[in-house]
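Student: If you want the building blocks of each chain, they are given just below.
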Amino acid sequence: MGPSTRSGCEAACIVGNMPCTGCLGPTSGILDAGAKAIGAVASCVDATDPQEIARRLDRIVDLPGTFYRYSLPSSLLHGRPERSKQTEGNV
Amino acid sequence: MNRQITIDPITRLEGHGKINVFLDDKGNVERAYFQIPELRGFEKFAEGRPAEDMPQITSRICGVCPTAHHMASTKALDDLYKVDPPSPAKKIRELVYSTFFVEDHALHFYFLGGPDFVVGPTADKGQRNILGVLGKVGLEIGKEVIGVRQQLRELITLAAGKVIHPVFGVPGGISKPLRENDQDRFISAADRAVKFGEFSLQVFEDVVLKNKQYVEKIVSDAYTHKTYYMGMVDQNNKVNFYDGQLRVVGPNGREYAKFKSQDYLQHIAEHVEPWSYMKFCFLKNVGWNGFSDGERSGVYAVAPLARLNAADGMATPKAQQAYERFYSTLGGKPVHHTLANHWARLVELLYAAERMRELAHDPEIIDPNVRIIPDTVPKEGIGVVEAPRGTLVHHYRTDERGVITMANLIVATQNNAARIAMSVDKAARNVIKNGQVNDGLLNLVEMAFRAYDPCHGCGTHALPGNMPLTVTMYDPRGNIVETITR
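Protein chains in written order, with the working numbering: chain A, 557 to 647; chain B, 87 to 572.
Just chain A, with the same shape it has in the complex (with noise of 0.2 Å):
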């Protein structure tokens, strides 16, 4: 989550060898870090057909306690898991 939160924990987890998960929430700059995190996963997803793309996403379980951990109520799901599932498909 690194690249979409805010830093300032001079990066433990990762010189922990263990993978960011964003606690620190939000940077500014940014409208929604959850959807960042999961555009730039998506951007690394190597197919075109949709149903591919949907096949490989559905192997992420439980986006939104992976992508908002720290930050769902103050994300554009405003705290409603449920929407996520609608716009998985988008993603």
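Worth flagging that the hints you see were computed from the coordinates, not collected in a lab. Among the hints, erroneous ones may be present.
Pairs of lysine to aspartate or glutamate residues, derived as EDC-like cross-links and limited to a Cα-Cα distance of at most 20 Å, are as follows [claimed, not checked]:
{"hint": "1", "chain 1": "B", "residue 1": "K104", "chain 2": "B", "residue 2": "D94"}
{"hint": "2", "chain 1": "B", "residue 1": "K465", "chain 2": "A", "residue 2": "D618"}
{"hint": "3", "chain 1": "B", "residue 1": "K130", "chain 2": "A", "residue 2": "D618"}
{"hint": "4", "chain 1": "B", "residue 1": "K346", "chain 2": "B", "residue 2": "E466"}
{"hint": "5", "chain 1": "B", "residue 1": "K168", "chain 2": "B", "residue 2": "E356"}
{"hint": "6", "chain 1": "B", "residue 1": "K222", "chain 2": "B", "residue 2": "E240"}
{"hint": "7", "chain 1": "A", "residue 1": "K592", "chain 2": "A", "residue 2": "D618"}
{"hint": "8", "chain 1": "B", "residue 1": "K346", "chain 2": "B", "residue 2": "D320"}
{"hint": "9", "chain 1": "B", "residue 1": "K262", "chain 2": "A", "residue 2": "E566"}
Chain A is fixed; fit chain B onto it per the hints.
Tutor: Then chain B, alone, in the frame of chain A:
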């Protein structure tokens, strides 16, 4: 006329709590309730999360003992994926865990529990805190307390990524090995920690044991309950915090049960009372027999005193000496005096420091082979450690993708909850007489729970159905429009 005395909030513990004391016509205690009015709900919102996130999620249960939750959770993941971590990984985990135990026990003795003894049980409440302790023991010693904890916590950051919510536990091992100069830092810190442990026992000796009034208080009936005790032991029945079997001894001190941590459900059950969010654990095979002690009551205790009672000794030489002195002074095993927990905690602090030193010198500690990648389909896993406050169980079930479908946590303070409630009730009955109450007497009641070092942030992690709730709606002028009560 009946009277009610409420201590709210109670202080120098982790989490929140309050004590309600009900007095009869003569002003004597009818019953004192130790109530936990907070709610967390971790077991519920763990559902649907990848199991690998659990060491990070559950460490948020507590800012004081996150390392304990992280470690129990990581061990539950080992069991979930049926993978046995390589020896260096286990040793580094235990090294970090021993480091954590020293700094956490030091936190309780000097900051939370210590003020009652070092400053005095009925001293002015403005003095009964860490600053009062520093005033008594002197600035140099105070600096050492803070300095040692700082150094140890920096080492936890070094090895575990973060100190407040560590991130190094993964199924099958840890996320990164230690380097050679890291090992040197652990060795020098461990030497300091051992000295600090010996010094802290000396402080206890000088301040508490040489004070006749304090010793009388510790061994008095007001702070005594003859219950069962549970703790983790190694293959020689010595105290172990990181791994081993759970052993239960009876009020007579003899072994009642010894079992693998995975079998905890066959031995431990939970009882619910309407006046607290805390669930009360008891020994299933003895049975719930109310808030009572003795062999026929399933009430048991965990944490330092219980661990010492449940084991045959300490695995390191200096701690073993301290252990022997503890029992010879207090009249042999088992010791039933709740306030003796403070002393037992310092015996454990010294053990943790010595264990830290042993592991820091182990050549395997800088071996880069620290993880085995699991390749099995997960289903169910149970991990148990001794948290500073007592036995901690993490139990998960998952679907075939490793997504949590059920999480059950039994935390230290729940194990202790029934005995704490009894201790507070008994202390209140003994110190509040004929309606006479003052701040010092109420602190003597609080001391009954404080000895256990309870953590209610951890203890109330469950979600017990519907929460009682009152919503009051006001109009803009502050008049009540409607009150809804669930």
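Student: Against each hint, give a clear statement of whether it holds in the structure.
Tutor: Outcome of the hint check:
1. K104(B) / D94(B): holds (5 Å)
2. K465(B) / D618(A): Holds - the C-alpha atoms of D618(A) and K465(B) are around 18 Å apart, at most 20 Å.
3. K130(B) / D618(A): The hint holds at about 15 Å.
4. K346(B) / E466(B): holds (15 Å)
5. K168(B) / E356(B): violated (28 Å)
6. K222(B) / E240(B): Measuring from Cα to Cα gives roughly 27 Å; hence the hint is violated.
7. K592(A) / D618(A): holds (16 Å)
8. K346(B) / D320(B): Roughly 11 Å separates the two Cα atoms, so the pair holds.
9. K262(B) / E566(A): holds (17 Å)
Consistency with the previously given hints fails for numbers 5, 6, ordered from lowest to highest.
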